[in-house]
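The hints should help you fit chain B onto chain A, whose structure is shown.
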Amino acid sequence: DVKVTQSSRYLVKRTGEKVFLECVQDMDHENMFWYRQDPGLGLRLIYFSYDVKMKEKGDIPEGYSVSREKKERFSLILESASTNQTSMYLCASSLQFTEAFFGQGTRLTVV
Amino acid sequence: AQSVTQLGSHVSVSEGALVLLRCNYSSSVPPYLFWYVQYPNQGLQLLLKYTSAATLVKGINGFEAEFKKSETSFHLTKPSAHMSDAAEYFCAVSEGTGGSYIPTFGRGTSLIVHP
Numbered sequence: 012d013v014k015v016t017q018s019s020r021y022l023v024k025r026t027g028e029k030v031f032l033e034c035v036q037d038m039d040h041e042n043m044f045w046y047r048q049d050p051g052l053g054l055r056l057i058y059f060s061y062d063v064k065m066k067e068k069g070d071i072p073e074g075y076s077v078s079r080e081k082k083e084r085f086s087l088i089l090e091s092a093s094t095n096q097t098s099m100y101l102c103a104s105s106l107q108f109t110e111a112f113f114g115q116g117t118r119l120t121v122v
Numbered sequence: 002a003q004s005v006t007q008l009g010s011h012v013s014v015s016e017g018a019l020v021l022l023r024c025n026y027s028s029s030v031p032p033y034l035f036w037y038v039q040y041p042n043q044g045l046q047l048l049l050k051y052t053s054a055a056t057l058v059k060g061i062n063g064f065e066a067e068f069k070k071s072e073t074s075f076h077l078t079k080p081s082a083h084m085s086d087a088a089e090y091f092c093a094v095s096e097g098t099g100g101s102y103i104p105t106f107g108r109g110t111s112l113i114v115h116p
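Protein chains in written order, with this note's numbering: chain A, 12 to 122; chain B, 2 to 116.
The shape of chain A in the complex, shown without the other chains (with noise of 0.2 Å):
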């Protein structure tokens, strides 16, 4: 079975902190998401990524941005924490035009 593990399920933060939250997926898939989650308007696309080093912009990526150095690890970064980017992320992945796989989910909450 296709895994995508993220690293934290729940996590507090600081307004200002620079806060990391890290994605693995552990079937050689080329395509990797990042997804936030509002009650009311479903899952926003920040970015993705489709091959180690590449990387796109989706809906809403400002205030954030992203790293994939290896294939299977795909981060997000929050550069400077603010109250309204208390949501959940969902990491997902995919291989081309296939459905995707999911974590568990991180629910970030910026205080």
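Be a bit skeptical, because a hint or two may be false.
[To be verified] Which bits of chain B does chain A cover? Going by a derived footprint, with three or more residues having C-beta under 8 Å, they are: (1) 44-50; (2) 106-112.
[What the hints assert, rightly or not] Computed beta-carbon distance windows for the label pairs: (3) A:Glu-28 <-> B:Ser-71: 45 to 55 Å; (4) B:Tyr-40 <-> A:Thr-97: 15 to 25 Å; (5) A:Phe-31 <-> B:Ser-15: 38 to 48 Å; (6) A:Glu-41 <-> B:Ser-15: 40 to 50 Å; (7) A:Lys-82 <-> B:Ser-27: 27 to 37 Å.
Just so you know, these hints were derived from the structure itself, not from any lab.
Cβ coordinates follow ideal geometry from the N, Cα and C atoms, glycine included.
Frame of chain A; chain B shown alone:
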């Protein structure tokens, strides 16, 4: 460009009743369509997918969905709801060759099951 509309943010049914969750999509090329389920504080889990084979797709937990090109719809059904079906359901689309492979999600429908 692709998009997904899920009608109804909440659907309430009685245990044993038919479940119908609606999804309409727009896509410039033949789409791949998916339904996912999310239980509280969990990630998304694939229920079923349409990838241009049979138009009636069967998934896990007794769910199925029918692709109707003329209506640009991919509604999810289950003949008899169970309490354990209470969850958030997301419809998603990604386009086939020549389109965007990035899945686009609807806003989700919360299924409430009453005893």
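Comparing the hints with the structure gives:
1. 44-50: holds (count 5)
2. 106-112: holds (count 4)
3. A:Glu-28 <-> B:Ser-71: 45 to 55 Å: This hint holds: roughly 52 Å between Cβ atoms.
4. B:Tyr-40 <-> A:Thr-97: 15 to 25 Å: Check passed, 21 Å falls within 15 to 25 Å.
5. A:Phe-31 <-> B:Ser-15: 38 to 48 Å: holds, 46 Å
6. A:Glu-41 <-> B:Ser-15: 40 to 50 Å: holds, 45 Å
7. A:Lys-82 <-> B:Ser-27: 27 to 37 Å: holds, 32 Å
Hint check: no violations occur; every hint is consistent with the structure.
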